[in-house]
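S.K.: Following the hints, complete the assembly by docking chains U, B and R onto the known chain Z.
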Amino acid sequence: MIRVQTDDFDAGTELEQLRRSNNGQAGAIVSFTGLVRELNAGEQVTQMTLEHYPGMTEKALEKIEQAANDQWELTASLIIHRVGPLAPDDNIVFVVAASQHREQAFRACEYMIDTLKTRAPFWKKETLPGSTRWVTPETTV
Amino acid sequence: MIRVQTDDFDAGTELEQLRRSNNGQAGAIVSFTGLVRELNAGEQVTQMTLEHYPGMTEKALEKIEQAANDQWELTASLIIHRVGPLAPDDNIVFVVAASQHREQAFRACEYMIDTLKTRAPFWKKETLPGSTRWVTPETTV
Amino acid sequence: MVRLRYFASLRETLGIGDEQLELPDGVHDLPALTRWLQDRDATWASALADNRLHVAINQEIVKADASIADGDEVAWFPPVTGG
Amino acid sequence: MVRLRYFASLRETLGIGDEQLELPDGVHDLPALTRWLQDRDATWASALADNRLHVAINQEIVKADASIADGDEVAWFPPVTGG
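Chains as they are written, first to last, in the numbering used here: chain Z, 1 to 141; chain U, 1001 to 1141; chain B, 2001 to 2083; chain R, 3001 to 3083.
No wet-lab data here; the hints were simulated from the structure. Cβ coordinates follow ideal geometry from the N, Cα and C atoms, glycine included. Check before you lean on any hint, since a few could be wrong.
Claimed, not checked - Computed footprint of chain Z on chain U, listed as stretches where at least three residues anywhere in the stretch have a Cβ under 8 Å from a Cβ of chain Z:
{"hint": "1", "region": "1023-1032"}
{"hint": "2", "region": "1035-1043"}
{"hint": "3", "region": "1055-1067"}
{"hint": "4", "region": "1076-1086"}
{"hint": "5", "region": "1089-1102"}
Said to hold, decoys possible - In silico DSS-like pairs for lysine-lysine, Cα to Cα no more than 30 Å straight-line:
{"hint": "6", "chain 1": "B", "residue 1": "K2063", "chain 2": "Z", "residue 2": "K125"}
{"hint": "7", "chain 1": "U", "residue 1": "K1117", "chain 2": "U", "residue 2": "K1059"}
{"hint": "8", "chain 1": "R", "residue 1": "K3063", "chain 2": "U", "residue 2": "K1063"}
Isolated chain Z, as found in the complex (with noise of 0.2 Å):
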């Protein structure tokens, strides 16, 4: 499942959530949060907007997800993103892939969150003391 967002996600209940539906299937689950960093490239972050592309944001994701089901033997897996403005310590990505085996979780899991930062059609600005700047794959982790 994919979810492109602007409001917050709660990795617990989404975690608790596949836990429940796991009907004994998955001994493993990995997950990815993605947070908004104070300090990124030395510069002290205020806030950072994200942007992106909608209509191709979610056809990315399903493309990303699939191939991690193609590749690997997954029973559950989730990208969630969000959009719009958000401040430091904030959730921006949950990653999460549950495998009967761990390996296999670990993998996709990373391959998901790697394919998306290369692929998926978002942008993040960042807003510093008295200046903004785009993040470019440079200055971003």
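M.R.: Using the frame of chain Z, we list chains U, B and R on its own:
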């Protein structure tokens, strides 16, 4: 931080606490949740009991967490492992690594669960319909 | 008609995020369309000359020589930085 | 006195999880202590002959030839299966 407990844990509460005490440091949190599977090595598992070696368990987990912090730049880490009787889909273990960099968080989280599986003194006994059996490294994932 | 979209820093540089236009005569592929847009003025010429830009047609990333047809949605944007 | 501990399937096979005893005369290392325990009966002889067993002294995994001193806690157990 490490914890060995009979009580359940709530992955969401733990992740939320990490996020709130993050102080803008970590951009990446990777978590591993291990659950009791209903089917193991082809057999229906109705209950699982986790035995451990009190005292040594805590030392082993602290050593694993310390080794992860020595090898990777983590802003926070956590290992929670349950002991006692458990049912299918119950939480067994929760391992979390937070870092500025997602690769470090992935490597550290995977290292901790991999090492825990071969070094920490826990033993699983499964109750099947009509019998019990000790899990061996060959029949676990 | 084609729908043209510009995102992030490119949108800010061009001062526009979305426009519709009749596909100009003789324009059947991405290089021709990009050149046609670059002819608008120096800002367009320089902004679209950046070879780090990605282009999506109908919301799928395409190669630099992709062909373009009436009804397409074409989007230019800088390297993505989500996640 | 040494404290001896047995876990999981080994504990069940031996029917005991924890005991204290005076270190027998001439027993200063793990091989000697294991042999001494194996002399108890056929069950002990066979259970402790399993070379997959791990041994911890004072709650740290040790090698097969580790030395043992008065006051030590020595534990035998099968391969771990937590996580």
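S.K.: What are the numbers of the hints the structure violates, in ascending order?
M.R.: Hints 3 and 4 not satisfied by this model.
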